[in-house]
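Starting from the structure of chain L, add chain H where the hints point.
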Amino acid sequence: MNALIKLELARALRNRKFLFFSVIYPSIIFLLVASQGGTGATVDNSGLSVAAYVMVSMASFGALTAVLMGNSERIAKERESGWVRQLRLTTLPGRGYVLAKTASAAVVSLPSIVVVFLVAASVKHVRLDAWQWFALTGAIWAGSLVFAALGVAIGYLASGDAVRPITMITYFGLSILGGLWWPSSSFPTWLQDIAKWLPTHAYAALGRAIEQSQAPKAQDIAILVVFFALFVGGAAWLYRKDTLKA
Amino acid sequence: MVVGFDQVSKTYGNVRAVDGLSLRLHPGETVALLGPNGAGKSTTLDLLLGLKQADTGTVSVFGLSPREAIVAGRVGAMLQSGGLMDEVTVAELVKLACQLHPKPYKVTDVLARAGISQIADRKVNKLSGGQSQRVRFALATAGDSDLIVLDEPTTGMDVSARQAFWATMREQADQGRTVLFATHYLEEADAIADRVLVLHRGRLLADGTAAEIKAKAGARRISFDLEGEIDEAPLRALPFLTAATVSKSGSAAGSGQTVRMQSSDADATVHALYGLGLYPRNLEVAGLGLEQAFVAITEAEEAKEATQS
Numbered sequence: 001m002n003a004l005i006k007l008e009l010a011r012a013l014r015n016r017k018f019l020f021f022s023v024i025y026p027s028i029i030f031l032l033v034a035s036q037g038g039t040g041a042t043v044d045n046s047g048l049s050v051a052a053y054v055m056v057s058m059a060s061f062g063a064l065t066a067v068l069m070g071n072s073e074r075i076a077k078e079r080e081s082g083w084v085r086q087l088r089l090t091t092l093p094g095r096g097y098v099l100a101k102t103a104s105a106a107v108v109s110l111p112s113i114v115v116v117f118l119v120a121a122s123v124k125h126v127r128l129d130a131w132q133w134f135a136l137t138g139a140i141w142a143g144s145l146v147f148a149a150l151g152v153a154i155g156y157l158a159s160g161d162a163v164r165p166i167t168m169i170t171y172f173g174l175s176i177l178g179g180l181w182w183p184s185s186s187f188p189t190w191l192q193d194i195a196k197w198l199p200t201h202a203y204a205a206l207g208r209a210i211e212q213s214q215a216p217k218a219q220d221i222a223i224l225v226v227f228f229a230l231f232v233g234g235a236a237w238l239y240r241k242d243t244l245k246a
Numbered sequence: 001m002v003v004g005f006d007q008v009s010k011t012y013g014n015v016r017a018v019d020g021l022s023l024r025l026h027p028g029e030t031v032a033l034l035g036p037n038g039a040g041k042s043t044t045l046d047l048l049l050g051l052k053q054a055d056t057g058t059v060s061v062f063g064l065s066p067r068e069a070i071v072a073g074r075v076g077a078m079l080q081s082g083g084l085m086d087e088v089t090v091a092e093l094v095k096l097a098c099q100l101h102p103k104p105y106k107v108t109d110v111l112a113r114a115g116i117s118q119i120a121d122r123k124v125n126k127l128s129g130g131q132s133q134r135v136r137f138a139l140a141t142a143g144d145s146d147l148i149v150l151d152e153p154t155t156g157m158d159v160s161a162r163q164a165f166w167a168t169m170r171e172q173a174d175q176g177r178t179v180l181f182a183t184h185y186l187e188e189a190d191a192i193a194d195r196v197l198v199l200h201r202g203r204l205l206a207d208g209t210a211a212e213i214k215a216k217a218g219a220r221r222i223s224f225d226l227e228g229e230i231d232e233a234p235l236r237a238l239p240f241l242t243a244a245t246v247s248k249s250g251s252a253a254g255s256g257q258t259v260r261m262q263s264s265d266a267d268a269t270v271h272a273l274y275g276l277g278l279y280p281r282n283l284e285v286a287g288l289g290l291e292q293a294f295v296a297i298t299e300a301e302e303a304k305e306a307t308q309s
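In the order they appear, the protein sequences are chains L and H. Under the numbering used here, the first residue of the first sequence carries the number 1, and numbering increases by one thereafter. Under the numbering used here, the first residue of the second sequence carries the number 1, and numbering increases by one thereafter.
Just chain H, with the same shape it has in the complex:
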């Protein structure tokens, strides 16, 4: 077991940032940690890295305490708020990280892998946001660590930089490392992670592959166009709907409208749609994206909490 959280809680004043969290990470997994702002992602990572101490419960990393695991060189981490030492060059800083790691790589290799060889002589305080992120990544991968932890690693990067970044990240995972990253770009989690953890108010709401999370949200998207004026009431009354919107489409005909709906049983909904005697055009039925699944899951949880209280 790489990481074990056992009934871990952390409270700030009245806020329960992490609430009885239990989870296990296994060797070689690439795991995404998702959650809305304030869900407890950063606190969870801080507890995992020993930057914060749990109020109750235990956190172990490779069977050791977080600090012991770091001293043993088994963990490399990149923090969202990880400032850098200024007035030194990129190469000097990476060299420091290598010197501090018990199982270091060669500085030139670390620079090359992070894609910052060209800016090695530049001062750290003269870098763009995306370049700084790459330097932080280099610090996290300066040695042969078994677990790499990344908190919002692609913040401040443009799309192509993000893609390049994940390509380097995948290399790390392919070498058998466990990678844990927090992100709010859900397409990243969808594309990269073997496993997705959805955190909400400090609790684990869902844990599975991206496909399983989408299935858990239980809904599919249905969209079609209708000609002429539409009576919305029977559409909204279709069975198994979780959401429905009717909007004017920009089609050349001018009078057409697009209807989008989400259904927990798309087959039954479409069947009932034809039963209304309508002639839907351009009918599409598709699975939810991870993002919509994520919203559906967290909204369902909030609704549940609202009825309980």
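Chain L on its own, in the form it takes in the complex:
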């Protein structure tokens, strides 16, 4: 399986468009959004500067892009082309394909997190303790697994032309409604009530709690765990259905 992970990774790193959108693009949006707030301003009583607040949003957004897009479209495409069937004629265990895809997506998502942090620290002078930087990286990286599982589920659910629109709607829907682009506190109340139950909202809240040196809220962790179980269960069910059909 390591062989497949290596090859998947080599391919991902060769794909400039994918690298741009998952590694560079979040940092660009960070700079654009962070520059709008004044240096002294804080966001919705969090005590965090605009730059620190947006930094977590964009690191989460970058990791989400890498794992969601990396999984869903490729799996749908390779299912259709018959590559998945061909792999089933090798010694690779059944789950090996999905795990290799997720592992390689996770390797790409790490730089997308770190690049946003580097830009935030050097250009926007975000300062945190060393433990906070490490905890942030770990939390955002680990949390991205929730969306990697979602990507796998979409890849096995949709096929052909349908996978791109479904991925895009899910991706932008979760990003915007979860408050990764604008703070969800700027939403109307009814929308805020929806937003706080989204996995992306809980995901970013996790990072912000670390920035505030607080323990993450139990509700946010519970939301992430429930969604993770839901997405993994759905992906496993769809995978088994696809295997029987192929």
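You may find that some hints are simply not true.
[What the hints assert, rightly or not] Partial list, derived from the structure: chain L residues whose beta carbon lies under 7 Å from chain H:
1. A3
2. L9
3. R11
4. S81
5. G82
6. W83
7. Q86
8. L89
9. T90
10. T91
11. L92
[Stated by the list, open to error] Quick list of simulated restraints, FRET-style, between CB atoms:
12. H/K103 with L/V107: 28 to 34 Å
13. L/V225 with H/A72: 38 to 44 Å
14. L/K245 with H/D121: 34 to 40 Å
15. H/A164 with L/R16: 36 to 42 Å
16. L/P165 with H/E302: 43 to 49 Å
[What the hints assert, rightly or not] List time: in silico BS3-like cross-link candidates among lysine-lysine, alpha-carbon distance up to 27 Å:
17. H/K103 with L/K6
18. L/K245 with L/K77
19. H/K123 with L/K6
20. L/K17 with H/K123
FYI, nobody ran anything at the bench for these hints, they're computed from the structure. In this text, all values refer to a predicted model and were calculated from it rather than measured experimentally. Yeah, the Cβ is synthetic: ideal placement off N, Cα and C, and Gly gets one too.
Leaving out everything else, chain H in the frame of chain L:
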């Protein structure tokens, strides 16, 4: 025993793709699987490779389940619909196949044997149809497997590529491997296979050497030219005929016609032909090609089914 199918059936909705199929493959055989479209060839191969599960009956490969045989590295396979991972090079993909095989060959050897050393650095998604087929073949032969399964392996290849392909395939068979391939090019089955399986509506219609299949069809071809106007009725009434056609020939004389017929007893038919007082020229009597034998066998089966229902 390499492969054993025991009363295997597989149904999709109302369609019986494979219907009580029993067959055995023995070590070292090169076996062709023939059948018209929808005969159940692909389903049979899918069952053999564990890509599909039989509704009833059992499939064993080297005494193991198909999946166990693959994990043990005993089976190499090339699928008709086998897509390839894109955006990687041919060499990278072949290397992956070698790494995944329990008894791998060296990557350079696999590339050379499949005849793709020159395109090793090319991206997989930039290959022609025939080149892709060769890459698939390389994936199927990346290690020391005892059984090689090929589904329509020469689709998309031109004639010379096909010949080169079968030469490499024969090398595999000469090393004592069992080779099973499905094809719709009957001349390939005729030239390469030791044994031919004819599948029709999910059942085994014929099983034997190409010569035996032709004999089973039971007919020989007779052709000759006749001068002048021909009365077709007595020709069609000749004994033992299975088919007869009369056509204007393009001969210089202009008035001659060519008659072609198929007979289950060519000697008796020709004897009766002379009995009509005719003077056939350019008389030829020949065995049926596998293709005509195949058509004859499947048509006879369909006629039988039509009378039964």
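Each hint, compared with the structure:
1. Evaluation of the L/A3 hint against chain H yields a held restraint, the C-beta minimum of about 4 Å falling below 7 Å.
2. Using the Cβ-Cβ criterion of 7 Å, the hint placing L/L9 at the interface with chain H is not satisfied: the shortest such distance is roughly 11 Å.
3. Look at L/R11: its Cβ gets to within about 5 Å of chain H, closer than 7 Å, so that hint holds up.
4. Residue-level restraint check for L/S81 holds (minimum Cβ-Cβ distance to chain H is 3 Å; threshold 7 Å).
5. Because the smallest distance between the Cβ of L/G82 and any Cβ of chain H comes to about 4 Å, under 7 Å, the interface hint for this residue holds.
6. The criterion of a C-beta within 7 Å of any C-beta in chain H is met by L/W83, whose closest approach is roughly 4 Å, and the hint holds.
7. Restraint check, L/Q86 versus chain H: the minimum CB separation of about 4 Å is within 7 Å; hint holds.
8. Interface hint at L/L89: satisfied, since its Cβ lies 5 Å from the closest Cβ of chain H, which is below the 7 Å cut-off.
9. Interface hint status for L/T90: upheld, as the beta-carbon distance to the closest one in chain H is roughly 4 Å, under 7 Å.
10. Using the Cβ-Cβ criterion of 7 Å, the hint placing L/T91 at the interface with chain H is satisfied: the shortest such distance is roughly 5 Å.
11. With a least beta-carbon distance of about 6 Å to chain H, the hint placing L/L92 at the interface is held under the 7 Å criterion.
12. Here the CB-CB span from H/K103 to L/V107 is close to 30 Å, well matched to the stated 28 to 34 Å.
13. Between L/V225 and H/A72 the beta carbon distance is about 39 Å. The supplied range of 38 to 44 Å therefore holds.
14. Checked against the given bound of 34 to 40 Å, the beta carbons of L/K245 and H/D121, roughly 36 Å apart, stay inside it.
15. Judged by the Cβ atoms, the range 36 to 42 Å given for H/A164 and L/R16 holds: they are separated by roughly 37 Å.
16. One distance hint, 43 to 49 Å for the beta-carbon pair L/P165 and H/E302, holds here, with the actual separation near 46 Å.
17. Between the alpha carbons of H/K103 and L/K6 the distance comes to roughly 20 Å, so the proposed pair stays at or under 27 Å and holds.
18. Of the supplied pair hints, the one linking L/K245 and L/K77 holds, its CA atoms being roughly 16 Å apart against a limit of 27 Å.
19. Only pairs whose Cα atoms come within 27 Å are accepted, and H/K123 paired with L/K6 is accepted, the gap being roughly 17 Å.
20. Between L/K17 and H/K123 the CA atoms are separated by roughly 17 Å; this keeps the pair inside 27 Å, and the hint holds.
Hint 2 from the list above is the single one not met by this structure.
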